[in-house]
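First residue of the sequence shown: 1, per the UniProt record's numbering; consecutive thereafter.
If you are wondering where the hints come from, they were derived from the structure by calculation, not from laboratory data.
It should be emphasised that the depicted structure is a prediction, and the values quoted were computed from it without experimental measurement.
Using N, Cα and C, we set each Cβ at its ideal position, and we do this for glycine too.
Careful: at least some of the hints might be erroneous.
Stated by the list, open to error - What follows is a list of derived Cβ distance ranges for each label pair: (1) Glu54 <-> Gly189: 41 to 47 Å; (2) Trp71 <-> Leu172: 30 to 36 Å; (3) Asp161 <-> Trp12: 44 to 50 Å; (4) Lys44 <-> Leu190: 20 to 26 Å; (5) Arg69 <-> Glu164: 21 to 27 Å; (6) Asn40 <-> Trp71: 28 to 34 Å.
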Amino acid sequence: MKNEEHSFVWDWDAYALCRWFTRGWTLQEMMAPSFLMFYNSSWKPIGTLVELSERVAQVTGVHEEALRRHWPVSSYSIAQRMSWASGRQLAWHFRHKSSHYIWRRRQVLREAARLQEEIMRTHSDQTLFAWLAFRTEPGEYEEGGDTTEKGQLDLLADTPDAFEKCGQVVPLVPEDHKSSPAYQVTDTGLFAEQSAVEYGDFGATIKK
1 MKNEEHSFVW DWDAYALCRW FTRGWTLQEM MAPSFLMFYN SSWKPIGTLV ELSERVAQVT
61 GVHEEALRRH WPVSSYSIAQ RMSWASGRQL AWHFRHKSSH YIWRRRQVLR EAARLQEEIM
121 RTHSDQTLFA WLAFRTEPGE YEEGGDTTEK GQLDLLADTP DAFEKCGQVV PLVPEDHKSS
181 PAYQVTDTGL FAEQSAVEYG DFGATIKK
């Protein structure tokens, strides 16, 4: 890995500006190998991924425990894994941490939906929809919050960038609802049986 400066000086702040940290393929290059060594521009070793995991986690957004292999990738929620892929520079491509699929911009909306539909067929993780809680665009919802300017509620994200703030989102699994039935994706929509949280003046309750 080459530092942005031609003359290398061991300075993490400068080193962290390297484009490698924001490349789309960096996720696979970090997570797939059992051992990863960082080098400077003179090919002198700086340290291993485990040794630099705290710093790399701060730059990439990937959880330090995952980088240190303390927890398997599968132990993280869909929202957390999608957040790892947010902000990656892959030139108008759609990125996803849990797979090796990449699509061109002209296919992004269709393929993004297909990928998330495939996730729903194999996972009952409701955090796939957590990105909706972090929408900040003004005027996005009409009064009542049940429609958008497009005239419908978009349950699926256009890109992983929508999950940027979902790094700490985990599934809601109440004591009396240990597992959720699989989602059913049909030609007419999505069927799901999930717990709901009712907010009120006196706290929140979990409903099935």
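Going through the hints against the structure:
no. : hint                         : verdict
1   : Glu54 <-> Gly189: 41 to 47 Å : 44 Å, holds
2   : Trp71 <-> Leu172: 30 to 36 Å : 20 Å, violated
3   : Asp161 <-> Trp12: 44 to 50 Å : 26 Å, violated
4   : Lys44 <-> Leu190: 20 to 26 Å : 53 Å, violated
5   : Arg69 <-> Glu164: 21 to 27 Å : 24 Å, holds
6   : Asn40 <-> Trp71: 28 to 34 Å  : 30 Å, holds
Hints 2, 3, 4, counting from the list given before, are not met by this structure.
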